[in-house]
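> Take a look at the letters that make up each chain.
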Amino acid sequence: MPQDQPATLAAWLRTRSDEQLGALLLARHDVARPAPSDVVSLASRLAVPISVDRALDELDAATLQVLDAVLLSEGDGVARAELAALLPDVPAEVVQRGVQTLTERALLWGDDELRAPEPVRRSVRHPAGLGRRAVDLRVQLPRDLPGTLAELSAEERDVLQRLAGDRPVGHLPDGPATSGSPARRLLQLGLLARIDAVNVELPREVGLALRGDRPLGSPRVRPEPELRRRPQADVDRQAAGAAMEVIGRVGELLVLLEDEPAGLLRSGGMAVRDQKRLARELHVPESDATFLAELAFAAGLLDVGGAHRDEWLPTRAYDLWREQDLPTRWATLVWGWLTSVRLPSLVGQRTVAGKAVNALSPDIVRQTAPAVRRSALAALAETPPGSGLTPDDLLTVLRWRTPRRADRLAPVPAVLAEADRLGISVGGVLAGAGRLLLTDGEDGAADGVRELLPEPLDHVLAQPDLSLVAPGPLVAELATTLAVVADVESSGGATVYRVSDASVRRALDRGWSATDLHEFFARASRTPVPQALDYLVDDVARQHGRLRVGSIECYVRSDDHGLLSQVLGDRRTAPAELRRLAPGVLVSGLQADEVLSVLRSSGYAPAGESSGGAVLTRPPAKPRAAGRRPGSSAPPTAPRPMAPGDVTATVREIRAGDAALAARRTDPVRQIPGVTTASTLELLSRAVADGLPVWLGYVDAAGSGSQRVVRPSSLVGGFLQGFDEGRGENRTFAVHRITSVALVTEATG
Amino acid sequence: MVTDGPLIVQSDKTLLLEVDHPLAKECRSAIAPFAELERSPEHVHTYRVTPLALWNARAAGHDAEQVVDALVRFSRYPVPHALLVDVADTMDRYGRLTLANNPVHGLVLTTTDRAVLEEVVRSKRVAPMLGARIDADSIVVHPSERGRLKQALLKVGWPAEDLAGYVDGQAHPIELDQSGWQLRDYQQQAVDGFWAGGSGVVVLPCGAGKTLVGAAAMAEAKATTLILVTNTVSGRQWKRELIARTSLTEEEIGEYSGERKEIRPVTIATYQVITTRRKGEYRHLDLFDAQDWGLIVYDEVHLLPAPIFRLTADLQSRRRLGLTATLVREDGREDDVFSLIGPKRYDAPWRDIEAQGHIAPAECIEVRVSMDDEERMTYAVAEPEDRYKIAATSASKMPVIKRILERHPDEHSLVIGAYLDQLDALGVALDAPVIQGSTPNKERERLFQAFRTGEIRTLVVSKVANFSIDLPEAAVAVQVSGTFGSRQEEAQRLGRVLRPKADGRQAHFYSVVARDTLDSEYSAHRQRFLAEQGYAYTIIDAADLAGPGEVNGPDWVDEPAD
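Top line first, the protein sequences correspond to chains G and D. Straight run, no breaks: the first sequence in the working numbering ends on number 749. Straight run, no breaks: the second sequence in the working numbering ends on number 562.
Only chain D is shown next, with the shape it has when bound in the complex (with noise of 0.2 Å):
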C-alpha cells in the first residue's frame, strides 16, 4: 500500500516534493493552488500549507475535496486522517460569511451558517463595524468599513468573500502596443487570473515582466490607473515602459513623487509620498479621491508601508493589483495583502519561469576573505554593534573584489555595498562611478543609461539599487557589504542580475566575505535563502579565487589548526 508518489506529508502542513520524481510536475501543478513554495533547492521543494493559502485557493474556485484528493494521490506515504480533516476544517471557513451589494440595503454581509455569524457579530473585533440586522442571516456594513471589516473577519478566522463588485472608475482608453512583441502566456495567465478574480496579487519572480502584467491590467480596465511604487527611479521605469509597451503617450502619465505633483489619466506615485506627514497628518491622501481611478497597481506589494494599507481599506470599491516576487512579509502582515488588496490570483514558480528563458541562470559564489592580523585585532576588541561594519568594510576585500572584476572584463558589473566610505573607497579603487542615496534622479539616471549603453562598464552602488531598477545588461553582481539578514534584500539584489541576457549568457552573483566574523554569520543566512531559491551556491577562499602568487597569495594561506 506504500506507493512511489513524489510528494511527503510532514507533521507540520509542509509539503515536500521530490523535483526529480516523474510525476514531479503534474503533483506540482496539483498542489501550487493551496501550498506557497516556500523553499526550492536541488532536489526537494518544501511547500506550506496554511490556512491563508488554503483560503486563497478557495477563493481561486478549489474546494477542500481536490486539495485532500491532491494530498491523498500524490503522497508516498499514508496522510494522517486528522492531517486531512484539519484541511477541510479550514477551508469549508472561507465563504460561510460572504460581503455583496444588496439593492435595498447596499453593502451586506450575509451568511450562510447563522451561528458563525452570531459568533463574529459577538466579536469585540468586528461587532464595531456592522451595522443594523436586516435578518437572521444578513446584516449591513457602512461601505466606508468594507476593508476593515474583512481585515477583522480574517484575524478571528471567518474570512469573507467579497462579492460586492467593484466601480468601474473613469473610463480612459488604453491598448497594449504588442509591435514585436508579444506577452508571454504566463503574463496572459496572471492577468485573467486577476481581472477574473476582480482583485488580488500576481506573483511572479524578478524579471519575469510584472510591469506587463501592470500594462496588460490596465488595458483590459481601460480606466484611469493609480500605479502605486516603491521609489522614484521605479515610477521612472515604469514611465517608459507603459509609453513603449501601451497606447498611452507622455503626456497621459503623470508622476506624483518628492519632485513633481502631477496628477493625470494613469499617475504614478511613490509609496514614499504617500506616506509623507507633516504635522502628524497625510498629506496626500487626496490623491486617492483626486481622479475616480478604475484600477490601483501596488508594485512589490511585499514592501507595502502599513500606513498604505490603512489607506487602502477604504479603497476597497476599486480594483486592486498587487504585483510582487514573494508574499512572504517579513512583518508579518500577509494576511493584511489578503483581506485588502485580494487573494492570491496567479503564482508562478521561478525556477519553471528561468528554465523557460526568460530569466537569466544565476551562479552564486560567495567568496571567503581572511583578514589580516591587524583587523582581526579590531574586529576582537570592538564594541558589538561596530564589529559587522569593521568585517564587512575590510580592506583586505580590495583586492579580491578587483580580482573578481578581472575575471569577468566584458560584462556589465554592479558592485553594491551598504557603508557610503566604502563605496567612495571603491568607487576610487576600481576608478567606476558611485549611486548612493544623495546622488540626485538626474544623474542617476544619465549613469544608469551610461551603463544601459556600454559606456560605463561597473559600478558602484549602495541599496539605493536594491529595488526596481533595471539594468538588463548587468551580468555580474558583487556584494561586499549589506543590510544582511533581510530575505528581500537578498532576491532584490539578485534580481538585479537575472534580467534575461541578450545571448543567454550566465549572471554571476559574488558576495565577499570576512572570514570568522559577523561577516560569514550572516552569510550562511544569505547562502540559505539563495540555495533555499534553488541557486547553485559555491563558497571559495579569496586564494583559490586569486591562485596562489598572485594578489597577496600567501597571505591567504591559513595557519594549521593545532
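Excised from the complex, chain G in its bound form (with noise of 0.2 Å):
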C-alpha cells in the first residue's frame, strides 16, 4: 500500500479542502447537524447505514452503475484512470461526473485509487446486478463452467439469463420439490445457489460468465422519452378549468360537512356511510368525494372537532379560506396537497390485515408522499414549456433517476392523475402555475393562476323559474346570503340556485323580512325579479309564523285561575321572572327549582312536575373544530437547507476539532466500550478485506477483558468473526464490546 495514500476514510477526509468537505455537508446534511467534533466523528456518521443508504438512494442509474464497477472491481479499489476502461459503453463524462458525485459525497474515496468504504459495500446488496461470490454463497461452483453452461438447455438458459439481468435473485417454482424444474436442475448443478426456502440466487461467476464482455450490464444513460406536447396556452387554459372545478367542489363538500358533520370512526378515518352520502349530494363518484375530503384535509379546511371532537368538521381556517379570492383558495388547496403526507389513492385498498382503508384514515400516511410528488412533478418541469411525459415514460425517468427508490414510485400515475385533477397539470403536461407551485411556492402558484380565473362576480340573473344563475364565482359575502336564500342546484364555472318556498322559509327562520327577501332579490339580480318570485316570498312570508315556538325553562301551571293571577299580580314572586302564557299557564326563563324557591319562599305551596313538557333548545351555532394553523399541517418534507454560513462554520468547527485529536492521538486507535468509533470499523474491514491479524482489547460478557490476535474473517451486523490464533477456533466478537484494535503487522508503528 502506498505510503503518501490516506490510508482510512477519515485520513483522506483530513486531506479535503474546506470547499470539498462544505459540499459533503451540503450532499450528505444528516451527517451535519449537530456538528460533527472532528474528522473521525464526522467519518463515524458517514458510516452509520441510513446515512450510506439515503445518500445512495438519491443517485441516478448511471452514477450507481459507476459505484457498481468499483465494488466489482478485484482487490481493494480502482485506479481513476481505469475506470473508464470498465465502462467502455459510457460516456466519459458521465463516468467522470459519476466519480466526482461519489467522492463528494464519500460514497467513494480515494485520489489515485478510489475505495469504497465498507458501509456502501453492505448497502449495495447486489452491485451491478450481480449475485454474491460463490463462496460466499456457499455453492461449489462447476468445474468448467464455460462448458456447463453450453451444455444447458434452452429453458435451463433462459433462467439464468433472466436471473443475470437486473436482479439476480428469483423465487423458486411453486410445485414438489422432486419435479425437475428447470431451476432445481440448475441448484443440482450448482449454478444456483438456495437462499431460503423459496428463493435462489445467481452467484456472480456465472452471471459474470454469462454477461460476456459487459460483466456491468448495458450502460444506464439517461433515458430520453419522446415528450408530449400541447400548447402551453391551452394546457393552462384546461388546468384553471380543473382549478375552478376543484375549488367548487371543495367549497360544497365543506358546506355538506358543516350541515351535517361526518362521524369520525374510532380507527380515526371517516365512515362508508358518510363517504357515499357527501358522493351521492356531489354527484361525484365515491372516490372523488374521498379525494375532495382528502384534499380539504391536507389543505387544513377539514379535521377532527366537535363537542367531543368524534366529527369530522370544516376548521376556522376554512372561514378564513372562502373569504379568499380563487387563486389564493388555489394555492392553498395545491400546496396543502403537495406537501401532504398522505396518498389518497389507497383509500379503498386493503390493508395487510385485509381490512378496505376509509377516507381520513390514519392508515394512508406515507412519509415518502411528498418527496415521490415532488419528484415527479419535478421531473415533468424540466421538460420545456408545453411539453411533457406520459405516466410511462414519467415512470421510465424516475426510475433512472432514483432506481433505489423505484419501490415508492407506485403511487406516481395515481399523483398525476391528482394533479390533472388538481389543475397542475393537464396529461402530464404541467401548467404555467403547476411549474411556479414547484419553484415559488403557495405564492408562486396563486400568481400562475391569477390572470385565468375569473373575477368574482356580485350579481346573479333571477329567472321566472325561479332559478337564480350566478354566471360565475360569487364574492364571499353573496354566496353566503345566496346559500340561505336559495338551493345548489348545479355548479361548475356558473352556480344554479333554486329558490323554494322551503328555502324562503329558512331565510324568514333566520330573520329576514319579506321586504328584505324582495329588496336582496332586486338588489342582486341583473335581470327583473320575476312576478312569480315575488309572488312565492309574499306567500310564504303570509304563512310564515302563524305557528309560533318558543323555549322556557319550566312552567307553573294551575286550574285556579284565580291564583295564577294572583301568582303573577304578587310583587315576591317577581325574581321568579314569570308571565303568562296562556289561561292557567304562566311560564319563566328560570329554572324550574329557582322558581319553586321563589314561590315558596312567597308563601305558596307549589309542586314540581316531571320535566315531559318542557322544551329545551339552544341557538344553533356553526361548529367548528380547532383546526391546525395553517403551514403546520404538514411535517416539513425536508430539513432545513444549510446555510453557507452553516456550511463554513461547521467546516471550520471539524478541522479544530480535528487538530485537537491529533495532538493526543495514540495507536492504537482506542475506544470507550459501548462507542464504536469508525477508524475501528474502517480498520477491522480492511483487515477482513486484506486478511490482516489484528490485536483485539476485548471485554467478554462477564466483564473480563482479555487481549488476542484475531484473523478475522467478516464483519456484518456489529459482529467480528473471525479465527482467534490464541485459542485455535474460530470466535465471534461484539464490535462494540472491542475497547481497542491494532493491526499486528504494520499499522501499528
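No lab work stands behind these hints, which were simulated from the structure alone. Here the structure is a predicted model, which means the values were calculated and not measured. Possibly wrong hints are sitting among the right ones.
Label-pair distances were calculated between CB atoms; the ranges are [said to hold, decoys possible]: (1) R280(G) x R73(D): 27 to 35 Å; (2) D69(D) x R280(G): 32 to 40 Å; (3) R280(G) x P305(D): 26 to 34 Å; (4) H408(D) x Q324(G): 53 to 61 Å; (5) E65(D) x P456(G): 32 to 40 Å; (6) R280(G) x D4(D): 31 to 39 Å; (7) P456(G) x H408(D): 44 to 52 Å; (8) L457(G) x Q178(D): 47 to 55 Å; (9) R73(D) x A476(G): 28 to 36 Å; (10) D234(G) x H408(D): 51 to 59 Å; (11) A353(G) x P305(D): 50 to 58 Å.
Backbone N, C-alpha and C fix where the C-beta goes; we use that ideal spot for every residue, glycine too.
Using the hints, put the two chains back together into the complex; each one sits in its own frame.
Okay, structure coming up:
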C-alpha cells in the first residue's frame, strides 16, 4: 500500500479542502447536525448505514453504475484512470460526473485509487445486478463453468439469463420439490444457490460468465423519452378549468359537512356511509368524494372537531379560505396536497389485515409521499414549457433517476392523475402555475393562475322558473346569503340556485323579512325579478309564523286561574320572572328549582312536575373544529437547508476538533466500550478485506477484559467473526465490546 | 384569459347559455347537435350533454373535435380537461361497431376495434343474439335480432351504427299538393335530415306542423305507409290533413282502430288497438305484415307504449320516422327510442319557431283561489288520497272560472278538467257542452267541428283533449284539475291553445288552483315546467282577478298572518 495515500476514510477526509468538506456536508446534510466534533466523528457518521442508504438512494442509475464498477473490481479499489476502461460504453463525462458525485458524498474515497467504504459495500446488495460470490453463497461451482453453461437446455439458459439481468434473486416455482424444473436442475448443477426456502441467487461468477464482455450490463444512460406536446396556452386554460372545478367542489363538500358533519371512526377515518352520502349529494363517484375530503384535510380546511371531538368538521381556516380570492384558494389546496404525507389513492384498498382503508384514515400516511410528488412533478418541470411526459415515460425517468427508490414509485400514476384533477398539469404537461408551484411555492401558484381565473361577480340572473343563475364565482358575501335563501342545483363555472318555498322559509327563519328578501333579490339580480318570485316570497311570508315555538325553562300551571293571577300580581314573585302564556299557564325562563324556591319563599305551596312538557332548545351555532395552524399542517418535507454560513462554520468546527484530536492521538485506536468509532470499523474492515491479523482488546460478557490476536473473516451486523489465534478456534466478537484494535503487522507503528 | 363567451360549462355536464349574449345564436347552433335543450327560461337556457346526445351527434356526422371545439370556443371560463376527455371518449364509443349487409353472410356486425367486439361477444346480454364468427372483426347476426341487438349494444355502452339499409317496400305514388301553402323551411330541413339518415326522430314543438313533416316524408318515400297515432281522433286528423295536403284520396287511406279495421296503402292505426291483447296475445300484429310497408311513422314518440317498442324491434329493415315534441320520456326509455326508431335527425327550438310566428305566443296565468272555511276543514280531515280531488274540485273555483271566461268574451275557450262530476257541473254552470272519454267519436267530431266554426265558443273537455286534437281557434285554456306532475300533460294542454291564430293574437293559459293545498303544490311543478319552456308566468290571487266587490270579492281578503 503506497504510504503517501491516506489509509482510512478519516485520513482521506482530512486531506480534503474546506470547499470539498462543505460540499460533503451539503450533500449529506444528515451528518452535519449537530456539528461533528472532528473528522473521525464525521467519518463515523458517514458510516452509519441509514446515512449511507439515504445518500445512495439519491443517486441516479448512471452514477450507481460507476459505483458498481468500483465495487465489482477485484481487490480493494480501482485506479481512477482504469475506471473508464471498465465502463466502455458509457461516455467519459458521465463516468467523470459519477466519480465526482460519489467522492463528493464520500461514497467513494481516495485520490488516485478509488475505494468504497465498507458500509457502502454492504448497502449495495447486488452491485450491477450481480449476486454474491460463489464462496459467500457456499456453492461449489462446476469445474468447467463455460462448458457446463454451453450444455444447458434452452429453458435452463432462459432462467439463468433472467437472473443475470437486473436482479440475481428469484423465486423457485411452486410445486413438489422432486419435480425436475429447470431451476431445480440448475441448483443441482451448482449454478444457482439456495438462499432460503423459496429463493435462489445466481452466483456472481455465473452472472459474469453469462454477461460476457459486458460485466456491468448495458450502460445506464439517462432515458430520453419522447415528449408529449400541447400548446401551453391550452394547457393553462384547461388546467384553470380543473382548478375552478376543484375549488368549487371542495367548497361544496365543506358546506355539506358544515350542515351535517361526518362521524369520526374509532380507527380514525370517515365512515363509508358518510363517504357515500357526500358522493351522492355532490353527484360524483365515491373516489372523487374521498379525494376532495382528503384534499380539504391536507389543506387544513377539514379536521376532527365537535363537542366530543368525534366529528369531521370544517375548520376555522375554512372560514378564512372561503373569503379569499380564487387563486389564493387554489394555492392553499395544491400546496396542501403537494406537502401532504397522505396518499388518497390508497383509500379503498385493503390493508395487510385485509380491511378496506377508509377516507381520512391514518392508514394512508406515507412519509415518502411529499418527496414522491415533488420528484414526479420536478421531472415534468424539466421538460420545456408546452411539453410533458406520459405516466409510463415519467416512471421510466424516475426509475433511472432514483433506481434504489423504485419501490416508492407505485403512487406516481395516481399522483399524476391527481395533479390533472387539481389543475397542476393536463395529461402530463405542467401548467404554468404548476411550474411556479414547484419553484415559488404557494404564492407562486396563486400568481400563476391569477390571470386565468375569473374575478368574483356580485350579481345573479333571476329567472321566471325561480332559478337564480350566478354566471361565475360569486363574492363570498353574496354566496353566503344565497346559500340561505336558495338551494344550489348545479355548480361548476356557474352556480344555479333555486328558490323554493322551503328556502324562502329558511330565510324567514333566519330573521329575514319579506321586504328584506324583495330588496335582496332586486339588488342581487341583474335581470328584473320575476313576478312569480315576488309572489312566492309573499306567499310564504303570509304563512310564516302562524305557529309559534319558543323555549322556556319551566312552567307554572294551575286549574285555579284566580290563583295564577294572584301569583303573577304578587310583588314577591317578581324574581321568578313569570309571564302568562295562556289561561292557566305561567312560564319562566328560570330553572324550575329556582322558581319553586321563589314561590315557596313567597308563601305559596307549589309542587314540581316531571319535565315532560318542557322543550329545551339552544340557538344553533355553526360548529367548528380547532384545526391546525396553516403551515404546520404537514411535517417539513426536508430538513432546513444548510446556509453557506452554516457549512463553513461546521467545517471550521470539524477542523478545530480534528487538530485537537491529532494532538492526543495514539495508536492503537482506543475506544470507550459501547462507542464504536468509524476508525475502528474502518480498520477492522480493512483487516477483513486483506485477511490481516489484528490485535484486539476485548471485554467479554462477564466483564473481564482480555487481549488477543484475531484473523478476522467477516464483519457483519456489529459482529466480527474470525480465527482467534490464541485459542485456536473461530470466534465471534461483538464490536461494541472491542476496546481497542490495531493491525498486528504494520499499522501499529 | 377569461373570455367573454355566452356559454358556461357545469360540472354535471349541463351547459348554461346566456340568451342575451351577442354570440348566443351562433353558440346555440354549435352546441345543439350534441346537447339536449333541457330548460329555456327567459335569460339562461340549460342544455344537457348526455351520452345519448353525444351519440346522436355522432350519428349526424359530428365528431368529437367539433364538440370540444364548440365547448372551448364559446365557454366563458376554462373548461376542465377531464370533461373534454370524457366527451371525446364517449363519442368515440359510437361507430366502433357497425351493422351492415354482407353479400355473402347477410346481416353482419363488424368492428374497427377488436377489443370492443371481444367485449360485447362476452357480454351476457349481447351474446345470445350473435351467430357464427366470420373472422376476427365480424360476426353474423340474424336479421330478426337487428333491433334487439342494437338495444342491447346501447345498454352495454357500445351503440352500433346501423348501415344495413332499408327495404323499399311496396311502391305507392304520393305527392305533396302544395297549392296555397308551402312547407316551411324547418319542416323541409326536418324531412331532409330524416331522409338522409334513413330512420330517426324529428323533434318539433306542438303546433309546428309535425303532420306535414310526416306527409312530406311519405312523399319522399313514395311507398305504402303505416302511421301509428295515439288515438282515433288524432288519427282522423291525420287523415284529413293527408287528404288536404297530398295527392292521396280518401280511398287510399285506411283507419285501423277499435271501430274500423281497414288496411289500405296508407293505414293509420292507434297505439291502443295494436297493444290490445286477448288471452295474453296481441291480436293485431298481422297489421305489420299486412303490407310491405315502405315507411312507418310514429306520432308522439315520447308516448310510444312499451309493447310497440318490442314490435318495432322486428321492423328494423323498414324506414321509421318518429315525431315528437320532446325526447324526454317520463319512463326514461329514451335509449330505446334511440336504438329502435333511430337517432334524433332534427330538432328546432320551441322559442325560435314561436319567434318566427308559427306558434302563438302564450301567457300563462295561475289563479290562486282560497277555499272557504268549510272546504278547508273538509280538506284538513280528509284521507291523504282524497285530498287532491277535494282541493281540485273545490266549488270556490266555479265563480273564478266564470270570471276568467268573462274576461275573454270573444275568444274560443277550452275548460280542461280531470274529474267527471266537476266537468258536468262546469258544463251546467257555463252552459257549455262536455266532451269526455265516453262521448262517442261521432259526437266529438261534431262538437269539435262546431267549435272550429264558431258555433260553440266554450268547450268543457276531459283529458281526452290532451293529445293531438287540432283546434286552431282555441285561444284560451282554463285548466281546473288534472293529473298533475306530468310534464307532458302540461306541454300538450298548452299545445292546444298554441296553434297559430289567424291574426296573431296572444293565447292565454289559465290554471285555477286552490291555495295552500296539494293543488298549489302541484302547480309549483307546472309553473317550473312552463317557465322552463320560456313562457311568461304570472301568479295572481282570484281577488285581484275579480276586482274587489265583485264575485265574492270580500271573501278573498286574506286573514292577517299573526
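> Mind listing which of the numbered hints don't hold for this structure, in increasing order?
none
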